[in-house]
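Trainee: Work out the full structure, taking the sequences as your base and the hints as a guide.
4 protein chains.
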Amino acid sequence: MTVGYGDVFAQWRKGCPEVWSAYSKHEFVAGLGDGTLPRDAFLRYLRQDYVFLVHFSRAWALAVVKAGNLREMKMAASLVHTLINEEMKLHIGVCSAAGIDANELEQTVELPQNTAYTRYVLEAGFSGDFLDLMAALAPCVMGYGEIGVTLKADHASPVYRDWIDTYAHPDYQQLCVDLGSLIDKAVQDRLGVDYRQTGKWTQLTRHFEIATALERDFWDMGLHG
Amino acid sequence: MTVGYGDVFAQWRKGCPEVWSAYSKHEFVAGLGDGTLPRDAFLRYLRQDYVFLVHFSRAWALAVVKAGNLREMKMAASLVHTLINEEMKLHIGVCSAAGIDANELEQTVELPQNTAYTRYVLEAGFSGDFLDLMAALAPCVMGYGEIGVTLKADHASPVYRDWIDTYAHPDYQQLCVDLGSLIDKAVQDRLGVDYRQTGKWTQLTRHFEIATALERDFWDMGLHG
Amino acid sequence: MTVGYGDVFAQWRKGCPEVWSAYSKHEFVAGLGDGTLPRDAFLRYLRQDYVFLVHFSRAWALAVVKAGNLREMKMAASLVHTLINEEMKLHIGVCSAAGIDANELEQTVELPQNTAYTRYVLEAGFSGDFLDLMAALAPCVMGYGEIGVTLKADHASPVYRDWIDTYAHPDYQQLCVDLGSLIDKAVQDRLGVDYRQTGKWTQLTRHFEIATALERDFWDMGLHG
Amino acid sequence: MTVGYGDVFAQWRKGCPEVWSAYSKHEFVAGLGDGTLPRDAFLRYLRQDYVFLVHFSRAWALAVVKAGNLREMKMAASLVHTLINEEMKLHIGVCSAAGIDANELEQTVELPQNTAYTRYVLEAGFSGDFLDLMAALAPCVMGYGEIGVTLKADHASPVYRDWIDTYAHPDYQQLCVDLGSLIDKAVQDRLGVDYRQTGKWTQLTRHFEIATALERDFWDMGLHG
Numbered sequence: 001m002t003v004g005y006g007d008v009f010a011q012w013r014k015g016c017p018e019v020w021s022a023y024s025k026h027e028f029v030a031g032l033g034d035g036t037l038p039r040d041a042f043l044r045y046l047r048q049d050y051v052f053l054v055h056f057s058r059a060w061a062l063a064v065v066k067a068g069n070l071r072e073m074k075m076a077a078s079l080v081h082t083l084i085n086e087e088m089k090l091h092i093g094v095c096s097a098a099g100i101d102a103n104e105l106e107q108t109v110e111l112p113q114n115t116a117y118t119r120y121v122l123e124a125g126f127s128g129d130f131l132d133l134m135a136a137l138a139p140c141v142m143g144y145g146e147i148g149v150t151l152k153a154d155h156a157s158p159v160y161r162d163w164i165d166t167y168a169h170p171d172y173q174q175l176c177v178d179l180g181s182l183i184d185k186a187v188q189d190r191l192g193v194d195y196r197q198t199g200k201w202t203q204l205t206r207h208f209e210i211a212t213a214l215e216r217d218f219w220d221m222g223l224h225g
Numbered sequence: 001m002t003v004g005y006g007d008v009f010a011q012w013r014k015g016c017p018e019v020w021s022a023y024s025k026h027e028f029v030a031g032l033g034d035g036t037l038p039r040d041a042f043l044r045y046l047r048q049d050y051v052f053l054v055h056f057s058r059a060w061a062l063a064v065v066k067a068g069n070l071r072e073m074k075m076a077a078s079l080v081h082t083l084i085n086e087e088m089k090l091h092i093g094v095c096s097a098a099g100i101d102a103n104e105l106e107q108t109v110e111l112p113q114n115t116a117y118t119r120y121v122l123e124a125g126f127s128g129d130f131l132d133l134m135a136a137l138a139p140c141v142m143g144y145g146e147i148g149v150t151l152k153a154d155h156a157s158p159v160y161r162d163w164i165d166t167y168a169h170p171d172y173q174q175l176c177v178d179l180g181s182l183i184d185k186a187v188q189d190r191l192g193v194d195y196r197q198t199g200k201w202t203q204l205t206r207h208f209e210i211a212t213a214l215e216r217d218f219w220d221m222g223l224h225g
Numbered sequence: 001m002t003v004g005y006g007d008v009f010a011q012w013r014k015g016c017p018e019v020w021s022a023y024s025k026h027e028f029v030a031g032l033g034d035g036t037l038p039r040d041a042f043l044r045y046l047r048q049d050y051v052f053l054v055h056f057s058r059a060w061a062l063a064v065v066k067a068g069n070l071r072e073m074k075m076a077a078s079l080v081h082t083l084i085n086e087e088m089k090l091h092i093g094v095c096s097a098a099g100i101d102a103n104e105l106e107q108t109v110e111l112p113q114n115t116a117y118t119r120y121v122l123e124a125g126f127s128g129d130f131l132d133l134m135a136a137l138a139p140c141v142m143g144y145g146e147i148g149v150t151l152k153a154d155h156a157s158p159v160y161r162d163w164i165d166t167y168a169h170p171d172y173q174q175l176c177v178d179l180g181s182l183i184d185k186a187v188q189d190r191l192g193v194d195y196r197q198t199g200k201w202t203q204l205t206r207h208f209e210i211a212t213a214l215e216r217d218f219w220d221m222g223l224h225g
Numbered sequence: 001m002t003v004g005y006g007d008v009f010a011q012w013r014k015g016c017p018e019v020w021s022a023y024s025k026h027e028f029v030a031g032l033g034d035g036t037l038p039r040d041a042f043l044r045y046l047r048q049d050y051v052f053l054v055h056f057s058r059a060w061a062l063a064v065v066k067a068g069n070l071r072e073m074k075m076a077a078s079l080v081h082t083l084i085n086e087e088m089k090l091h092i093g094v095c096s097a098a099g100i101d102a103n104e105l106e107q108t109v110e111l112p113q114n115t116a117y118t119r120y121v122l123e124a125g126f127s128g129d130f131l132d133l134m135a136a137l138a139p140c141v142m143g144y145g146e147i148g149v150t151l152k153a154d155h156a157s158p159v160y161r162d163w164i165d166t167y168a169h170p171d172y173q174q175l176c177v178d179l180g181s182l183i184d185k186a187v188q189d190r191l192g193v194d195y196r197q198t199g200k201w202t203q204l205t206r207h208f209e210i211a212t213a214l215e216r217d218f219w220d221m222g223l224h225g
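Residue numbers (the numbering used here), protein chains in the order written: chain U, 1 to 225; chain L, 1 to 225; chain H, 1 to 225; chain P, 1 to 225.
Honestly, the hints are just simulated from the structure, not real lab data.
Take these hints with a grain of salt, some might be off.
Note that identical chains are pooled: a pair holds if it fits in a single copy or bridges any two copies.
Claimed, not checked - With a cut-off of at most 25 Å between alpha-carbon atoms, the simulated DMTMM-like pairs for lysine to aspartate or glutamate come out as follows:
#1 LYS89 <-> ASP162
#2 LYS74 <-> GLU104
#3 LYS74 <-> GLU110
#4 LYS74 <-> ASP171
#5 LYS185 <-> ASP154
#6 LYS185 <-> GLU106
#7 LYS74 <-> GLU87
#8 LYS74 <-> GLU106
#9 LYS14 <-> ASP189
#10 LYS89 <-> GLU209
Mentor: Right under this line is the structure:
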């Protein structure tokens, strides 16, 4: 399945094929698709993902702080808005339907894989610049887009179809396309057209690869705790 | 004129009466009220304020990053959203009506008083925690609320009435009340009910006073360049 | 074994007895003491600890940035100096004697437990203030002091005696005492004498407990990879 | 007078000739050279410079946090060490000889030009990466080197010779050469050999120019308060 989330993303993804595959075709993902994922694994994932969303929103807010122009600020601010006001509400609803009330959700104890991933992204952002943050944030945003559209195309079982539809949805796909385009421009704006000849580029690919590995570990955590 | 923006703000304000007065009753403010403020001073202020808004939005985004709970995150994120999507658009409109097009606005060269103020606030936030950032942000948000409502009550001249109405507006007043309440809770949550006995409190009052002085200098810049 | 690294440390430690015990009396630690720790576990630990030291030095440098006065700056700067110019050199020497040359050491691939711990500490520091950083840094500095002096007192086997002697050494013990005293003062300076009544204190104890758990996971990584 | 502090510095300097000249040949500088600088201007400068040194040390500590390799970490850490343990002591000595005791020095009220400069540098570092910080720090380190060696070559009057000798000293000159070489490598490591074709470079030149202008304002403050 080819997805078009921009040139930079395509290169980052191609630069770590094994890790990307381990993440995007993870056993957890396969289980979402064919409906064999155990319910308690899905609920463990949802609880942790709620905590993740808090830090992910903070990371996108940090992207507003680190943005280099109004377009970047607006995109990042719009993501913060969506994450805090829609995505979290959606999450609370899904969890509530699954018998986890908002209060219990708030009390979730963060598992180590969650800590590792969220703090890695935030620290990459604090210590680096806007590009470092984008490279660490891209695997989650774009990976979910790719997973959603791939599972949808594979005629997923109805069990986790709501989850799949969220990320296969044209709105979410458009978000990935827009972000890909923003990242393409952000990289060229700062590193020039020959950006792949720079050491900064090497560092960005490293952030992308490590964040992808941490996403893979996040699925492991969903499966095994 | 008494305004009710919470206990903490009331104490911060009372803690630096001279600087607060120099800011909130500045010659520039008086000129907005009676309509005697020279037009080019107002336009110089508007241009600089546009640049200021960019950094102010970034500082509120940093508040999302530094927030301690969802309520704080939401309030800060909502301010980022309003600043970027409404306040800046409003600014572009006002400037455009005054003959400064969006392009020219983008090219504004930041004056030193603007640099001093915005970087002070952002650095206080980066180096400190959520409370440090709130103390540095409060003089602007609440001061404009107080100035708006005071000028309005004094039967301001029509010359700058649009500007005055923005900040005297019930929506803006409510924002100040809500932020005041959030700050009251944020301070008590972290420093306890006897927060005024702590060294952290002393540091917060210092941030508030310095940011107020930098607001006063911002008006000076409006008047004299 | 009672160690006197200050009141605040004593309370933090007492506040998470199980996690502290899991860390300070870990199987890895016991193996260092009686000499049964497998050599390759020790070398795996050393390699990872080298990467850790880089980020730990960065975290102490961040403490210089976040310090509230000259005494705090000097203590943190002195630790940065010692870590970069002595501790790392020592590490390179130990590894070299064990057949791992400096080049190989530089190429070490960071394991997830290492990522989790170092990024948690750095992010706590970036997002919080000086106290948050101290609470996240204390388990490592003081824990190693306690482990060193405890193993020494228990008549450790000669196998890992060099490692033990480093942390049981009066110089290292004095460092822990000095840091404990600095933290005691830093907490009282900011939160007052009734600091335990504040919400900030609750947050500090949480940082301490999580960092301690991440230290325990670091030993796990040493044992099992 | 040509000074050899590296290629990048040479280009940054050449990119803002008027501001650089306004800073490096400022009336304050001329007065240091021919001895006509009023004593109270020098003392005002010294007091403010002490406050400056605190924030400058913090900015160099932030460079340790943001460094990309051991060489960069060591250089930055060594500067933090020198600033805190030598430069500040030297300052206290000079001020003491001039009748300003350490206590009075600690109580110095920071003037707005000082706030603007220090916070600009720190914020550039927090919001950007290692290169952004270097570009904002270079005008001070290298400018003082250039001023020192230029005044020395011009057969300065003995009145402020101690100050001049500090920065004309081979040790300080070597520091500038080493930093210049580190910056040259840091820029090429990240942006490639064609670094001047990148947008990041444009941003770095802007940081350099603004920081230079803020240095010029710092001299103004010394002269006029």
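Trainee: State for each hint whether it applies.
Mentor: Checked hints:
1. LYS89 <-> ASP162: within (15 Å within a copy, 37 Å between copies)
2. LYS74 <-> GLU104: The answer is between: 20 Å across copies meets 25 Å, while 33 Å in one copy does not.
3. LYS74 <-> GLU110: Between copies only: 21 Å across, 30 Å inside.
4. LYS74 <-> ASP171: both (17 Å within a copy, 23 Å between copies)
5. LYS185 <-> ASP154: Classified as neither; 32 Å inside a copy, 50 Å across copies.
6. LYS185 <-> GLU106: The answer is between: 19 Å across copies meets 25 Å, while 38 Å in one copy does not.
7. LYS74 <-> GLU87: Both: 18 Å inside a chain and 13 Å across chains, each within 25 Å.
8. LYS74 <-> GLU106: Intra 29 Å, inter 15 Å, cutoff 25 Å: inter-copy only.
9. LYS14 <-> ASP189: Intra 22 Å, inter 23 Å, cutoff 25 Å: intra and inter.
10. LYS89 <-> GLU209: Result: close neither inside a copy nor across copies, 30 Å intra and 30 Å inter.
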